[in-house]
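Visitor: Chains A and B supply the protein sequences, listed in that same order. In terms of numbering that gives the first Met the number 0, the first sequence opens at residue 0 and continues consecutively. In terms of numbering that gives the first Met the number 0, the second sequence opens at residue 0 and continues consecutively.
If you are wondering where the hints come from, they were derived from the structure by calculation, not from laboratory data. Backbone N, C-alpha and C define an ideal beta-carbon position, used for all residues, glycine too. Hints should not be assumed to be uniformly reliable.
On the chain A side, residues computed to face chain B include the following (Cβ under 8 Å) [claimed, not checked]:
{"#": "1", "residue": "25"}
{"#": "2", "residue": "77"}
{"#": "3", "residue": "104"}
{"#": "4", "residue": "576"}
{"#": "5", "residue": "735"}
{"#": "6", "residue": "736"}
{"#": "7", "residue": "740"}
{"#": "8", "residue": "743"}
{"#": "9", "residue": "748"}
{"#": "10", "residue": "750"}
{"#": "11", "residue": "752"}
{"#": "12", "residue": "794"}
{"#": "13", "residue": "795"}
{"#": "14", "residue": "798"}
{"#": "15", "residue": "802"}
Only pairs whose alpha carbons sit at most 30 Å apart, straight line, appear in this in silico DSS-like list of lysine-lysine [to be verified]:
{"#": "16", "chain 1": "A", "residue 1": "185", "chain 2": "A", "residue 2": "156"}
{"#": "17", "chain 1": "A", "residue 1": "803", "chain 2": "B", "residue 2": "83"}
{"#": "18", "chain 1": "B", "residue 1": "90", "chain 2": "B", "residue 2": "75"}
{"#": "19", "chain 1": "A", "residue 1": "828", "chain 2": "B", "residue 2": "24"}
{"#": "20", "chain 1": "B", "residue 1": "87", "chain 2": "A", "residue 2": "803"}
{"#": "21", "chain 1": "B", "residue 1": "87", "chain 2": "A", "residue 2": "765"}
{"#": "22", "chain 1": "B", "residue 1": "90", "chain 2": "A", "residue 2": "752"}
{"#": "23", "chain 1": "A", "residue 1": "362", "chain 2": "A", "residue 2": "392"}
{"#": "24", "chain 1": "B", "residue 1": "75", "chain 2": "A", "residue 2": "828"}
So the chains spell out like this:
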Amino acid sequence: MPPEFSFLCPLANGLHARPCSHIAEIAGRFQAEANLTNRRNSRVANLKSVLSLISADVLLGDECLLRFAGTDEQAASVATRSYLEKDLQSQEEVSPAFEAKKKSLPRSLRKLEVQTVYGIPLSKGIGQGALVIAVGTVLPEIGKHDPAGNIDDERRKLASARAALRHELQELIERSASETACGILKTHLGILDDPAFMEKVDHYAQQSKTASDAIVLAAKDFADTFTQSKSEYIRARAADVLAVCSRIYQLIYGNDGEKDALVLNGPAILMAEGIDAQVLLRMDRTHLQGIVFGEEQKTSHVTILCRTLGIAAVTGAAEVKRTFHAGQEVLLDGSRGLLLSLTSAVQDFYRKQRAIAELRTEKAGRFATITGTTADGKQLEVGANVTSDIEVKSAFQKGCDGIGLFRTEMLFLGKDTPPTEAEQFEIYASAAKSAGAKSVILRTFDIGGDKPAAYLPFAQEQNPFLGHRGVRLYKDNLDLFLDQLRAMMRASVFGKVRIMIPMISVLEEVHWVREQFEQVKRDLTSRGQAFDVSIELGIMIEVPSVVPVLDKIAAEVDFCSIGSNDLVQYLFAADRGNPKVNHLANARHPAFLRLLRQICVQVKQHGKWIGLCGEMGGGARNLPLLAGLGLDEISMAPNEVLFTKQRLAALSSADCARLVEDALELATAEEVETLIDKFVLNGSERPLIELELVIIESHSKNREEAIRELVDLLHQTERTEDPDGVEDAIWDREATYSTDMGLGFSMPHCKSKSVSHSSIAVLRLKEPMIWEEASTVPVRAVIMLAMKNEPGKHMQVMSKLARKLMDEDFRDQIGSSRTREELVRLLTKDAGIT
Amino acid sequence: MKIVAITACPTGIAHTYMAAEQLEKTAKALGHEIKVETQGAMGIENELSANDIRQADGVVFATDIEVEKKERFEGKQIVRVSVKDAIKDAKAVLSRIQT
Numbered sequence: 000m001p002p003e004f005s006f007l008c009p010l011a012n013g014l015h016a017r018p019c020s021h022i023a024e025i026a027g028r029f030q031a032e033a034n035l036t037n038r039r040n041s042r043v044a045n046l047k048s049v050l051s052l053i054s055a056d057v058l059l060g061d062e063c064l065l066r067f068a069g070t071d072e073q074a075a076s077v078a079t080r081s082y083l084e085k086d087l088q089s090q091e092e093v094s095p096a097f098e099a100k101k102k103s104l105p106r107s108l109r110k111l112e113v114q115t116v117y118g119i120p121l122s123k124g125i126g127q128g129a130l131v132i133a134v135g136t137v138l139p140e141i142g143k144h145d146p147a148g149n150i151d152d153e154r155r156k157l158a159s160a161r162a163a164l165r166h167e168l169q170e171l172i173e174r175s176a177s178e179t180a181c182g183i184l185k186t187h188l189g190i191l192d193d194p195a196f197m198e199k200v201d202h203y204a205q206q207s208k209t210a211s212d213a214i215v216l217a218a219k220d221f222a223d224t225f226t227q228s229k230s231e232y233i234r235a236r237a238a239d240v241l242a243v244c245s246r247i248y249q250l251i252y253g254n255d256g257e258k259d260a261l262v263l264n265g266p267a268i269l270m271a272e273g274i275d276a277q278v279l280l281r282m283d284r285t286h287l288q289g290i291v292f293g294e295e296q297k298t299s300h301v302t303i304l305c306r307t308l309g310i311a312a313v314t315g316a317a318e319v320k321r322t323f324h325a326g327q328e329v330l331l332d333g334s335r336g337l338l339l340s341l342t343s344a345v346q347d348f349y350r351k352q353r354a355i356a357e358l359r360t361e362k363a364g365r366f367a368t369i370t371g372t373t374a375d376g377k378q379l380e381v382g383a384n385v386t387s388d389i390e391v392k393s394a395f396q397k398g399c400d401g402i403g404l405f406r407t408e409m410l411f412l413g414k415d416t417p418p419t420e421a422e423q424f425e426i427y428a429s430a431a432k433s434a435g436a437k438s439v440i441l442r443t444f445d446i447g448g449d450k451p452a453a454y455l456p457f458a459q460e461q462n463p464f465l466g467h468r469g470v471r472l473y474k475d476n477l478d479l480f481l482d483q484l485r486a487m488m489r490a491s492v493f494g495k496v497r498i499m500i501p502m503i504s505v506l507e508e509v510h511w512v513r514e515q516f517e518q519v520k521r522d523l524t525s526r527g528q529a530f531d532v533s534i535e536l537g538i539m540i541e542v543p544s545v546v547p548v549l550d551k552i553a554a555e556v557d558f559c560s561i562g563s564n565d566l567v568q569y570l571f572a573a574d575r576g577n578p579k580v581n582h583l584a585n586a587r588h589p590a591f592l593r594l595l596r597q598i599c600v601q602v603k604q605h606g607k608w609i610g611l612c613g614e615m616g617g618g619a620r621n622l623p624l625l626a627g628l629g630l631d632e633i634s635m636a637p638n639e640v641l642f643t644k645q646r647l648a649a650l651s652s653a654d655c656a657r658l659v660e661d662a663l664e665l666a667t668a669e670e671v672e673t674l675i676d677k678f679v680l681n682g683s684e685r686p687l688i689e690l691e692l693v694i695i696e697s698h699s700k701n702r703e704e705a706i707r708e709l710v711d712l713l714h715q716t717e718r719t720e721d722p723d724g725v726e727d728a729i730w731d732r733e734a735t736y737s738t739d740m741g742l743g744f745s746m747p748h749c750k751s752k753s754v755s756h757s758s759i760a761v762l763r764l765k766e767p768m769i770w771e772e773a774s775t776v777p778v779r780a781v782i783m784l785a786m787k788n789e790p791g792k793h794m795q796v797m798s799k800l801a802r803k804l805m806d807e808d809f810r811d812q813i814g815s816s817r818t819r820e821e822l823v824r825l826l827t828k829d830a831g832i833t
Numbered sequence: 000m001k002i003v004a005i006t007a008c009p010t011g012i013a014h015t016y017m018a019a020e021q022l023e024k025t026a027k028a029l030g031h032e033i034k035v036e037t038q039g040a041m042g043i044e045n046e047l048s049a050n051d052i053r054q055a056d057g058v059v060f061a062t063d064i065e066v067e068k069k070e071r072f073e074g075k076q077i078v079r080v081s082v083k084d085a086i087k088d089a090k091a092v093l094s095r096i097q098t
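Take these sequences, add in the hints, and give me the full structure.
Guide: This is the structure we're talking about:
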């Protein structure tokens, strides 16, 4: 009788790809036919096929029967059994510890106990929609290619594409340093040579008579089976099959020209693996609510694109596919770097956060028409970074003082041919017109190996960020460069256009560019085409090698703008998108601040204009440093402009200059952070309490809600820029012991650097609540004391209030005040708080 | 009776002062003389002198953190309670002073 035995699956994640490939590999060593029957679902799998095994959906505890038949059946049975019984356990994947990361979730959200995935914040914003899992390349629709006359031709195409892919994968495996990447590539190789896969492709090839449909149908078959599995691991394998099929398709039908755009049918959060800038640019983004990237995502233009297009994005969230299923409604929080299952409680929380954000934007609106200015009257233009002429228009509506960076390469990507001079002229002219008298800095295309365009032949580069990109490309693609220069110069008659060159590393490049620039001027003149004769030519300072010789370079350009993103990465030799090293790429490190200072001094010595157009331009913590460095301009994402002007208006340029002097003397990033902590970010002191900090009829039902409601008040009134930080600090204090002392009120408090202005905020509860389990007396009022790290004179007032609260009559009055005014009066006059 | 006390809590911005106030009020109501030193976010306030301590019939530490300069109290009987105890029932705390 042929040998057979049964087996009980001991793996928490079921028989996923890795053990399946081991089993298939063992079974493949023998002549004997071997199959597995999953008793739970009666599915039968060929033991020699990984895909077939995965399709059997063997989950933890499933009983399976294995049968062997053939000349060497006994040996096959023994070998397989030995693997299953001895080695299978070691295939268990250990999930990384999540507990350590949980801190990033505000307590009030944690209380909601929803499914959560933690990642790294990439691009601010909140989006919600169905989770759409996309692979790098999307397969075409069925019937895209007409059936071929000869089925053998189609089979040959498939066979040679498979051979090419096998070769490609083997090379990648050899080159790959990372074990994880290697594992994935091997899985792909396994799929490619899988008997069940080959059978299915061939079956569909025969049926449909086209290689294209054969690939698509086979991919769909496997993907559909896998996505139905209860095991997240097995569900995730669908992406592998799709990736293999996509690549085979590409190898037969070519790449960019044929690639179909990604289509979203409703509000969606896109789980993108290897999605490139082209796909993102090409797709209709109407329904795109946010993008989440898996762990492998590194700094690339797709990440910058997310920020510039204002798409909320989170990276390093590999757990998404294990936690959520495709089609599940999720919420993506780009600021906190989270994905949450979209429950009604989550919706309520974010609705409130949105309302606060809108309120704050409204308040900042008055700065729209005023050039960025400090409290003591020093101007610092606040510009916007954009990628299209449409954005220029909206950026000016959002109150920017100019366009600090127009990334023109976006016009070049996602197309089969480069934009013509005429097309570009139209776009640049429209941008110049929208800007009126304000300046628009057009940066010539910064394309490189990391974001290839279809019509530019790029050699595969080991390190595209140190490779053939930016200005380094222009000599080899002179026509493209000259077309662009002409278009830009011609647009200069409609406004104040300035031209900026990316990736300058040596003066020789400036010389060469200047020659082309003058030549284009002569060409235009001889053609009789108008341009602004005083049009300025500037450079990006993003390669550190220009800084030591900036005295020479600044003399030969009209202006400079610091590209802080690349300058930081190149200075510290650390990729900002790599979680293992991105802590090094710190724009507030003294090393970088000294470099910035050197740049500003050198450029100013030549009386030239100096701006900064990297991401450092945004963000409240950088602003005092930037305001103290002596820059003429900073530019940022358009949405940041108003808030930056608002913050700037509260800063004294003299204080900021002193701050920079002090920071330049420091040795470590930590010391700089401490220094900034001490600096009053939001200008002068504000009163401890005001009407907006009192809610007379709060509907909060528990401690978590009450604390968040108070923290939200601080956020809304611009007393904190980091409400989650305040919330954490309050909870840290609550953790030592409850601030409910059994007196009918509780007094949560903290001293934290997240507080910009020391504040007292009060909730009177509509329904008294039990503060914590051990509480005996219900709490009627919650008085929150939020002190900033350097409490100063406010501390005295705070201690007075604390003492006053021991007076029962005073407490009763707080409990019975009918209006906010009455309550504020009580706290200010009667308690002596000023 | 003459009493000296120290109050100190972890953040030093609320309960330190609430406890001090409660001890002062309660002691006065009971006819005792009291001086309370607070060790809070503003540092040491109303500091107890060597004389205050020498003359005191009782010493109370209503603290949740380490007391600073506690060498001043060498040889003294000390009632040690938490800040919370002093706020909730100062009378019971004071009654623990043995005369």
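Visitor: List, from low to high, the hint numbers that the structure doesn't satisfy.
Guide: Those not satisfied are hints 1, 2, 3, 4, 8, 11, 22 and 24.
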